[in-house]
Amino acid sequence: MNQGLLLRFENVVQLRGACQQLRGLSSRKVCGARWKPVELSAHPVGSLPLHPQLWPKHRLISAALSQCRHLATKEETKKKKRKIPLTKGEVEIRQKMTVEELAQAMGRDIDHIYEVLLYTNINLDSVEPDSILSEDHIKMIVQKSGMKYKSAKLKEEKERKNTDAPCFWCNYRPPADPAVLTPRPPVVTILGHVDHGKTTLLDSLRKTQVAAMEAGGITQHIGAFIVHMPSGEKITFLDTPGHAAFSAMRARGTNVTDIVILVVAAEDGVMEQTIESIQHAKNAGVPLILAINKCDKPEADPERVKKELLAHDVVCEEFGGDVQAVNISALKGENLMVLAEATVALAEMLELKADATGLVEGTIIESRKDKGKGPLTTAIIQRGTLRKGCVLVAGKTWAKVRFLFDENGKAVDAALPGTPVEIMGWKESPSAGDEILEVESEQRAQEVVAWRTYVEQQEKMKKDLEVIEAKQKEHRVEYEKQQQKLAHLTWRQRKAVLYKANKQLMFSRPKERTEMDENTLSLIVKGDVDGSVEAILNILDSYDCEDECKLDIVYFGMGDISENDISLAEAFNGVIFGFSVKANESIKKLADKKGVKIKLHNIIYKLIEDLKDELNSRLPPTLVETTVGEASVLDTFSVTVGKNKIPVAGCRVHKGLLDRKMKFKLIRNRDVIWKGCLSSLKHHKDDVQVIKTGMDCGLSLDKNLEFSIGDEIICYEEKEVQQTTSWDPGF
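Once you know that position 627 of the sequence shown is 627 in the UniProt record's numbering, the rest is easy, because the numbers rise by one and skip nothing.
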């Protein structure tokens with residue numbers, strides 16, 4: 001070996017060849033010195049140790065290396081980015097590997113995995129980079145790629161310790177000591193059918209409360225308020241809507257209440273939501289007080305209401321039951337104090353008490369977002385005393401209480417059991433209905449949230465795995481059917497057919513789904529509070545007309561319409577529906593500029609009607625045939641035109657008229673055997689455009705078709721009519 005070999009390499013291949021030759025020179029001299037072989041893997045390219053006699057040449061070697069180093073840089077950089085482990089034809093596999101993970105383990109492109117899957121029974125349209133592959137498919141992909149596989153060592157995952165917060169409902173937190181129990185205000189929920197006067201009753205109670213406090217108007221910030229009785233007692237009232245869409249909200253109210261006041265209009269009687277409210281109260285085991293409203297109207301009949309309620313196991317005291325009945329007029333404010341006193345009397349019988357010491361427990365009634373205050377929640381405290389600085393956990397979020405507000409929006413220092421309060425300081429908005437638990441510190445709160453998030457993820461993974469297994473089973477059945485159809489072919493022929501069938505699918509498979517189906521309505525739903533959004537989503541869950549138009553909820557949340565909502569709607573070609581929220585002028589201008597529809601409503605059934613109109617606009621129009629005239633074939637004959645004989649029907653119009661411009665159809669024995677236009681229409685020997693009822697005519701078709709006596713000729717016109725969705729939300 002000469003010195004030129006060491007100096008004249010221009011690329012990595014020549015360098016490797018030179019190094020291999022150098023390995024064989026362990027006993028030879030190079031340039032008068034002995035060469036010592038080294039482990040090349042321990043030294044990067046271009047950094048081989050040189051003999052001292054070669055040091056003067058080192059700069060030339062480095063210069064040559066610098067020219068070839070950039071040739072390998074691109075390839076090496078890609079490998080570094082993908083972080084592909086170096087394997088010698090052997091792949092370490094494990095269960096539940098995704099497509100992307102398998103590609104990285106094999107050191108191949110994801111498209112390589114898709115190409116191998118062409119030979120399998122997997123539906124490529126349902127395979128994404130994060131899709132989980134079965135163990136059989138993983139092994140098959142590795143083998144078909146010319147590699148061997150070995151199973152990875154299973155890591156024994158330690159069972160995660162339950163770090164959830166203890167609560168009374170979970171039987172972890174001990175019940176309160178009877179010695180520390182103190183009386184608390186009753187929590188009363190007002191339920192009833194829509195338009196039966198619940199809102200008017202609540203407004204009247206608020207006015208009474210405002211007059212007693214000598215304050216000017218009230219801005220109600222929360223869905224609960226306190227009424228102070230002249231005798232000094234307090235009553236906490238919960239406000240729930242009566243519309244059918246808010247069933248979940250009413251059920252949530254009864255779960256935290258002590259007493260239900262059932263409002264029934266004296267002139268309407270028992271209605272659909274009245275029955276539902278009775279069922280909610282029974283399910284929660286809560287006693288009822290009957291408030292028969294609108295008794296000031298001439299058509300009012302309170303006795304009829306009481307008798308109708310007997311059919312639903314609501315028996316008033318005068319019929320030997322235990323349900324108090326009070327005739328009121330919420331509009332005129334009649335007997336409101338009588339109703340309140342009846343509530344206090346029932347509360348005294350129930351002996352409502354709570355522990356005002358220890359850690360706080362409660363239930364979130366409503367949740368909303370405020371621009372200045374951030375996430376806010378309305379809660380009923382059920383145990384302990386809530387103060388500023390308390391650390392709370394609800395659902396998968398937590399809060400360090402910064403401020404507390406009463407029903408009038410005034411800041412308070414503490415909230416006792418049975419008191420409605422608005423809480424400020426949440427990291428994120430919890431959901432209505434979540435339990436509130438106080439914990440010792442912020443670190444403890446984060447542990448609880450992390451545990452709950454982990455549990456939810458595990459449940460989701462379990463459900464996803466069940467869906468994947470079901471899909472794989474379904475695809476395997478289809479694959480077996482397909483194999484049976486190809487049973488007469490040889491093995492190579494079957495593989496070729498499968499490859500050709502799936503090849504086009506793989507190459508047409510989009511990397512990113514940027515185009516949405518035209519027959520899809522994408523929605524962004526925004527509401528003022530969590531309960532409103534929940535009610536809308538519950539209605540949308542009942543949508544069952546995916547074959548007509550797909551409904552895709554891209555995003556939902558609380559708060560006014562934002563620029564992010566506009567961007568989402570533009571990206572998905574969607575529509576923004578807002579319930580009791582606002583969109584400022586800049587947002588409206590941005591929406592107009594980007595062609596995004598914003599639909600704002602304050603009444604839920606109007607929002608649903610608007611949604612149905614939007615669904616209708618996405619449906620293709622249908623052609624509707626309208627009959628213009630009918631005629632019967634009385635005789636048949638033919639005329640000669642040139643060398644052709646053309647069949648002609650002698651007809652009489654017995655209904656409507658025949659217009660040559662319209663379309664016609666020929667009916668024989670109730671079957672339509674032809675549709676098209678007329679080639680001629682004559683009355684006697686004259687060509688005419690219209691034949692009226694009672695007139696005879698001769699006609700021929702644009703198709704050479706023989707007539708029969710008794711055939712029916714129908715003249716009709718086609719009109720495009722807009723389809724309407726068959727979805728029925730239930731109200």
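Hints were generated in silico from the structure; no laboratory data involved. This one's a predicted model, so the numbers in the text were calculated from it and none came from an experiment. Built from N, CA and C at the ideal position, the CB exists for glycine as well. A hint or two may mislead.
Now the in silico label distances, taken between C-beta atoms and shown as ranges [stated by the list, open to error]:
#1 299 to 544: 52 to 60 Å
#2 143 to 371: 54 to 62 Å
#3 663 to 693: 18 to 26 Å
#4 371 to 544: 31 to 39 Å
#5 124 to 567: 26 to 34 Å
#6 594 to 182: 54 to 62 Å
Hint check:
1. Checked against the given bound of 52 to 60 Å, the beta carbons of residue 299 and residue 544, roughly 39 Å apart, lie outside it.
2. For the pair residue 143 and residue 371, the supplied restraint of 54 to 62 Å holds, since their beta-carbon distance comes to about 60 Å.
3. Against the hinted window of 18 to 26 Å, the Cβ-Cβ separation of residue 663 and residue 693 comes to about 19 Å, which satisfies the hint.
4. Evaluation of the 31 to 39 Å hint for residue 371 and residue 544 yields a pass: the beta carbon distance comes to about 38 Å.
5. Taking the beta carbon of each, residue 124 and residue 567 are about 31 Å apart, inside 26 to 34 Å as hinted.
6. Taken as a hint, the range 54 to 62 Å holds for the pair residue 594 and residue 182, whose Cβ atoms sit roughly 58 Å apart.
Hint 1 from the list above is the single one not met by this structure.
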